[in-house]
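K.L.:
Sequence:
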Amino acid sequence: MGRIIAIANQKGGVGKTTTAINLSSSLAGLGKKVLALDMDPQGNMTSGLSVNKNEVENTVYDLIIGGAEIEECICSEVFENLDVLPSNIDLSAAEIELIGVDNKEYIIKNEIEKVKDDYDYVIIDCPPALSMLTINAMTTADSVLVPIQCEYYALEGLSQLVHTIELVQERLNPSLEIEGVVFTMYDARTNLSLQVVENVKDNLNQNIYKTIIPRNIRLAEAPSYGMPINLYDPKSAGAESYMMLAEEVINKGEE
Numbered sequence: 005m006g007r008i009i010a011i012a013n014q015k016g017g018v019g020k021t022t023t024a025i026n027l028s029s030s031l032a033g034l035g036k037k038v039l040a041l042d043m044d045p046q047g048n049m050t051s052g053l054s055v056n057k058n059e060v061e062n063t064v065y066d067l068i069i070g071g072a073e074i075e076e077c078i079c080s081e082v083f084e085n086l087d088v089l090p091s092n093i094d095l096s097a098a099e100i101e102l103i104g105v106d107n108k109e110y111i112i113k114n115e116i117e118k119v120k121d122d123y124d125y126v127i128i129d130c131p132p133a134l135s136m137l138t139i140n141a142m143t144t145a146d147s148v149l150v151p152i153q154c155e156y157y158a159l160e161g162l163s164q165l166v167h168t169i170e171l172v173q174e175r176l177n178p179s180l181e182i183e184g185v186v187f188t189m190y191d192a193r194t195n196l197s198l199q200v201v202e203n204v205k206d207n208l209n210q211n212i213y214k215t216i217i218p219r220n221i222r223l224a225e226a227p228s229y230g231m232p233i234n235l236y237d238p239k240s241a242g243a244e245s246y247m248m249l250a251e252e253v254i255n256k257g258e259e
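Position in the sequence shown counted from 1, then plus 4, gives you the numbering used here.
Because the hints were derived from the structure by calculation, they are not lab data. On a predicted model such as this, the values are computed, not experimentally measured, just so you know. Where is the CB? At the ideal position from N, CA and C, for every residue including glycine. Hints should not be assumed to be uniformly reliable.
[Said to hold, decoys possible] Each pair of labels, with its calculated beta carbon distance range: (1) Gly35 x Glu155: 26 to 36 Å; (2) Thr194 x Pro238: 39 to 49 Å; (3) Asp191 x Val166: 22 to 32 Å.
[Said to hold, decoys possible] DSBU-like cross-link-like pairs, simulated, lysine-lysine; straight-line CA separation at most 30 Å: (4) Lys214 x Lys120; (5) Lys120 x Lys108; (6) Lys118 x Lys239; (7) Lys37 x Lys113; (8) Lys37 x Lys120; (9) Lys108 x Lys15; (10) Lys256 x Lys205; (11) Lys120 x Lys205; (12) Lys36 x Lys113.
With the hints as extra help, turn the sequences into a complete structure.
P.N.:
Below is the structure:
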């Protein structure tokens, strides 16, 4: 039975999509069957996993409005062990289309239920906003993984996200938990990165992953080639870090 992890932070530019792409691919590289679900209208996870978001026939949007079955929306074996449920700009209209729809918070959950036993992991990339799309991701997920950039304002907005997760737990998905926090864009040359990590550890009563994702030029280049880092440059620091994170995620699930 698949574990469903939403990767969320309403603050943009924290390495959320990078983490979604590379965690999905690293889990697949470790032999797990993975579905990467793109809930962000920007579709960056889709194109970062080599699916052409403008030419794909069916997307999450078609799924939400009932225009297609989930099996028709999944791009199978994009890479070994990795399927993608793509998204594109059409999805930005979903919010409006969902006004007045019954149980609109559970549309994605009900669809994913049909296929989740085919996968070890479903990794959901959430949009950088606390929208109905994010709520759908959180009602679907078992847990939320929060990437935090190692910078001064890291904690700002985090309490808002934790509050949202708690509201979803309370009202919509009682079994949702916080998977943990992962630090991204870590620069070993700056004291600031170190201070942020210490600060979050002191102030946050959450599981914090031991793996810290470094700032890495290869990691930044990979999406423009439509490749996850473990395939683009498997020996890079970024690839090694995401492999370690994937191993941690697997081990945490087996505890």
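K.L.:
Compare the structure with each hint and give your call.
P.N.:
Consistency of the hints with the structure:
1. Gly35 x Glu155: 26 to 36 Å: holds, 35 Å
2. Thr194 x Pro238: 39 to 49 Å: violated, 27 Å
3. Asp191 x Val166: 22 to 32 Å: This hint holds: roughly 25 Å between Cβ atoms.
4. Lys214 x Lys120: Cα-Cα ~28 Å, so holds.
5. Lys120 x Lys108: holds, 20 Å
6. Lys118 x Lys239: violated, 37 Å
7. Lys37 x Lys113: Holds. Lys37 to Lys113 sits at ~19 Å (cutoff 30 Å).
8. Lys37 x Lys120: holds, 10 Å
9. Lys108 x Lys15: Holds: Lys108 and Lys15 sit about 24 Å apart, inside 30 Å.
10. Lys256 x Lys205: Holds, at roughly 19 Å.
11. Lys120 x Lys205: violated, 33 Å
12. Lys36 x Lys113: holds, 21 Å
Against the hints set out earlier in the document, violations occur for numbers 2, 6, 11.
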